[in-house]
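Just so you know, the protein sequences line up as chains A and B, in that order. Take the first sequence: its position 207, counted from the start at 1, is 207 in our numbering, and no numbers get skipped. Take the second sequence: its position 201, counted from the start at 1, is 1201 in our numbering, and no numbers get skipped.
By construction, these hints were calculated from the structure, which means they are not laboratory data. The beta carbon of each residue, even a glycine, is placed where N, CA and C say it ideally should be. Careful, some of the hints might be misleading.
As the list claims (entries may be wrong) - Derived DSBU-like pairs (lysine-lysine); straight-line CA-CA distance at most 30 Å:
| hint | chain 1 | residue 1 | chain 2 | residue 2 |
| --- | --- | --- | --- | --- |
| 1 | A | K169 | A | K62 |
| 2 | A | K61 | A | K168 |
| 3 | B | K1162 | A | K61 |
| 4 | A | K301 | B | K1189 |
| 5 | B | K1208 | A | K232 |
| 6 | A | K232 | A | K169 |
| 7 | B | K1162 | A | K62 |
As the list claims (entries may be wrong) - Selected chain A positions facing chain B (Cβ under 8 Å, derived; list incomplete):
| hint | residue |
| --- | --- |
| 8 | Y75 |
| 9 | A77 |
| 10 | V130 |
| 11 | L288 |
| 12 | A295 |
Here are the chains, one letter per residue:
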Amino acid sequence: MDRKLTSTILSLVAVLVFFLAIWQIGAAINPNLQLDQTALLRFVFVGIGLLIVLVIYILTKKSQIWEVGTRQVVYMAIGAALYAIFSYLFNGTVFVVPSVSQVALRPAIAIPMFFGFAFGPTVGFFTGAVGNMFGDALTGFGLSPQWSVGNGLVGMIAGMSMLFSDKKKGIDVVLIISAVVAALATLVWVLNPTVENQMYFGDGAKQITTFAALSGLIGLAIALVVRFVFGKNIDIAAAVTWAMLGNFLGIGFAAISDIWINGYNPTVAIVGEFLPSAGPNLIFAAILVPILVAAYAALQKQTGR
Amino acid sequence: MLVTWRYRERKSLIQSLDPRAFLIFFACFLVSTLVFWDLRFLLFFLAIALVFIFTSGISWKEMSRAWLFIGGFILFFSVLTFLTGRGGMELYKQEHLVARLTAPFSIFGWTPTLVVTVERAFYALSMLVRVFCLASMTILIPYSLNPALYGVAFHGLGLPDKIAYAMDLTMRFIPTFGRDFTLTMDAQKARGYEIEKLNGGLFAQVRKLAPLIVPVTIHAIAGSEDIIDAMDLRAFGVGARTWLQELFYQRRDRLVIGLGILLLLLSLALSLLGLGKFWAPETWLQQFPILQ
Chain A
1 MDRKLTSTIL SLVAVLVFFL AIWQIGAAIN PNLQLDQTAL LRFVFVGIGL LIVLVIYILT
61 KKSQIWEVGT RQVVYMAIGA ALYAIFSYLF NGTVFVVPSV SQVALRPAIA IPMFFGFAFG
121 PTVGFFTGAV GNMFGDALTG FGLSPQWSVG NGLVGMIAGM SMLFSDKKKG IDVVLIISAV
181 VAALATLVWV LNPTVENQMY FGDGAKQITT FAALSGLIGL AIALVVRFVF GKNIDIAAAV
241 TWAMLGNFLG IGFAAISDIW INGYNPTVAI VGEFLPSAGP NLIFAAILVP ILVAAYAALQ
301 KQTGR
Chain B
1001 MLVTWRYRER KSLIQSLDPR AFLIFFACFL VSTLVFWDLR FLLFFLAIAL VFIFTSGISW
1061 KEMSRAWLFI GGFILFFSVL TFLTGRGGME LYKQEHLVAR LTAPFSIFGW TPTLVVTVER
1121 AFYALSMLVR VFCLASMTIL IPYSLNPALY GVAFHGLGLP DKIAYAMDLT MRFIPTFGRD
1181 FTLTMDAQKA RGYEIEKLNG GLFAQVRKLA PLIVPVTIHA IAGSEDIIDA MDLRAFGVGA
1241 RTWLQELFYQ RRDRLVIGLG ILLLLLSLAL SLLGLGKFWA PETWLQQFPI LQ
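Same shape as in the complex, but just chain A (with noise of 0.2 Å):
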């Protein structure tokens, strides 16, 4: 198992010092190369990604949580499924989902969050990658691997309750770093209102609303609000608040490496595009995972399993 985990490592860190090498030896060839040569990226961003998993795997190795058995094998492929189904239906060319104020509505998220809480980081991130890896081979869409790691994020992080026994002080934990991390990208917004809003697919480029540009606050009230109500049934309002930080986590890692690979300086990736796909994802946690999660303790309860 170890020389396993250690073969792994190592093919992570040869991809990325491969892709790395040709980027750095690029600039050396030809030193008007720039940052456009974006697929080289976004490649080795997913072996950042990937890393990161990896060292959260390592460091959380004796945990029960990464079991992969038959359950979780099929669960990963229902999560993985109906996340691509969803997303592509939902994109805004099947359905038209009246977006309200430049908040794309993107319901899907809730599944990897879902199914991240219900059945453990694994399944959590299977769902997340390969479904909107999928997702986007559905709709059209060309490839973005960050974007599949981010969501794969999204998916794990939201798993990682099942380290805490004690889900109370695990959620505490996790409204504060939320907390902290909204208030920032809000913070920057309040700097910079005029950036524009790169995650809108409306009739051309438009500054971000005040509304979206929010939407992460609103979110995050909605959540807290969620957090009090359901304070009796636990898990709900744990499924919630995790959902809520692997998002903020999830598409923040996402944002950030577009830095890099599209090139936008760092306001446009917090303001531009973080706001925008957080802010609203963090309203389908709040609205959508916990009714997941209730009606999936009925289906446990009626099958008694």
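Knowing the structure of chain A, use the given hints to seat chain B on it.
Frame of chain A; chain B shown alone:
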């Protein structure tokens, strides 16, 4: 319970290849295409894609819906980019004006103006070709890879058994859940649910999506018990997995893989030399004035 993709046996170039060979070639093709913005280079990739499409043996009738959908989608985004001039701003520094079309009316003090420049036109065209190459190769996959070989192909590409099988199951579940979704939507519509008329505020709208998302998800999880039982009964995951069908590389498969890797390395080398960036014909650039 499982609905398959629209695969059937055909005499075609793709299907004569080992699925692993095609997937490796496909990956190399994707990365290589993503490296370029030059229309002349992209036309070469378009030619490769067209070869695969026209030798695929899939009739127009079978795949017309997919083509129309993707075609409309790509066209929409290219035209949008052209009209708004958005995107590609990092790729070109100055624009050469061809025409400035101004609408003879104005709405609320805003006069619709269309600025046509050489760069925007070529950027839109390059984007059209680029996305078409990626999308067209991707839609061939469900039609021409044998679903029975998904698992063994992913396994052959070096994934662990369990992950390979999960990928296999994912690809098999997608059409099934697509059908479940349609059924659920019809059932909810019969009860008066209208997805076309979601009203209310943002939160109300999100909540109203639950009658679609929750039944499909929970039904899928409930139905999975049978699959889990079936897999457990066959001792899934106990030892190294064997596959019903095995894959062997033929000479043509090795050739295709070699060509794919060659294509990838060549593309990377060219891009490192600074070739294949955004391009517009020189004569046109000289003919039109620079947009201030």
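Earlier hints that do not hold, by number | The structure breaks none of the hints.
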